[in-house]
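Here is what each chain is made of, one letter per residue.
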Amino acid sequence: MKVGVLNILIMAKIQLNGRKLELSSKHSITTLLKKYKIDGKKIAVELNGTIVNRNKYKLIYIKNKDKIEIVHFIGGG
Amino acid sequence: MKKDIFKVGGLVLKSRLIVGTGKYKNFKETAEAVKASGASMVTVAVRRINILDKKKPLLTDFINPKIIKYLPNTAGCFNANESLRTLRLAREMGGWKMVKLEVLGDKKTLYPDMIETLKATKILVKEGFKVLVYCSDDPLLAKKLEHLGAAAIMPLASPIGSGQGIQNKINLSLIIKNAKVPVIVDAGIGTASDSTIAMELGCDGVLVNSAIAKAKKPVLMAESFKNAVISGRQSFLSGRMSKLFYADASSPLKGLI
Chain A
1 MKVGVLNILI MAKIQLNGRK LELSSKHSIT TLLKKYKIDG KKIAVELNGT IVNRNKYKLI
61 YIKNKDKIEI VHFIGGG
Chain B
1 MKKDIFKVGG LVLKSRLIVG TGKYKNFKET AEAVKASGAS MVTVAVRRIN ILDKKKPLLT
61 DFINPKIIKY LPNTAGCFNA NESLRTLRLA REMGGWKMVK LEVLGDKKTL YPDMIETLKA
121 TKILVKEGFK VLVYCSDDPL LAKKLEHLGA AAIMPLASPI GSGQGIQNKI NLSLIIKNAK
181 VPVIVDAGIG TASDSTIAME LGCDGVLVNS AIAKAKKPVL MAESFKNAVI SGRQSFLSGR
241 MSKLFYADAS SPLKGLI
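Respectively, the protein sequence lines represent chains A and B.
Position 70 (the first sequence) corresponds to 70 in the numbering used here; numbering is contiguous.
Position 114 (the second sequence) corresponds to 114 in the numbering used here; numbering is contiguous.
Nothing false has been slipped in among the hints.
With a cut-off of at most 25 Å between alpha-carbon atoms, the simulated DSS-like pairs for lysine-lysine come out as follows: (1) A:LYS42 / B:LYS25; (2) A:LYS35 / A:LYS67; (3) B:LYS54 / A:LYS42; (4) A:LYS42 / B:LYS97; (5) A:LYS42 / B:LYS55; (6) A:LYS67 / B:LYS54; (7) A:LYS35 / B:LYS56; (8) A:LYS34 / B:LYS56; (9) B:LYS66 / A:LYS41; (10) A:LYS34 / B:LYS55; (11) B:LYS130 / A:LYS42.
These aren't lab readings, by the way, just hints derived from the structure by calculation.
Just so we're clear, the structure is a prediction, and the values are computed from it rather than from any experiment.
Construct the entire structure; sequences and hints are all you get.
Below, the structure is given as structure tokens:
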């Protein structure tokens, strides 16, 4: 009997900068930034209300219901 | 003569004019105006990145934070917690410890909520921030901010973006007289001469955004502000003449034909 390989891609429903998205949970913060072509040196990331140290972008993976904020500097007075 | 140095929170700034980077047509114009103003520090805001627009230009591409010091602000924050969140993110972004705190209390006047401002100042100082604080022109509250460890006091001249100029010289003078930290007039400056007056009152610096960005020729206005602030400072250091009630002829009467 042939056994089929079940390749289930787990999706995570997240909120990124207020926008609802569905992403593969294989994304780390680093790959997420890459996907949106964001230079990690010019931004700051907040995950569920806590600031993420930039050294940990590679180590943190997106989970279901995560709320992520990516901010940068704009003109202001 | 002793060199006139402008030092805020341990940092020496070349110019006593600090400029805001909001309200310009585009980043190119912002960068040109900043250059013309001679400012070595600019205020910036912290906002969400637009994730859908991948090609959107960044402020940092036009104004190099390694050359021009960024002073992150908390514009748009209406309580202490929102402003703390914003400034902690700013610090994470590039290690910015010198920040401009502004906690607003009213959407129409953008008047500062001083109770929340005092609360946030206390926490930020404890966390090691150098806090430049936008505040009302109340001399007692300004002193309280200083006691809490504010690096500079930034009283408003008139409401943010109103261009109404200096409305309460007496309060500003009282704040300046009492302060042991720099006093930087922030908000309400409408034209170059307003900044000269602020400097003549004895302010240590001036923060200007709208008056430059909303001028018909922002880059020229930026240069005008540069000169106006230098002029006001020199005038302050020179010590003005006393005012007389009657005339006093400038030409000698001796030898009159």
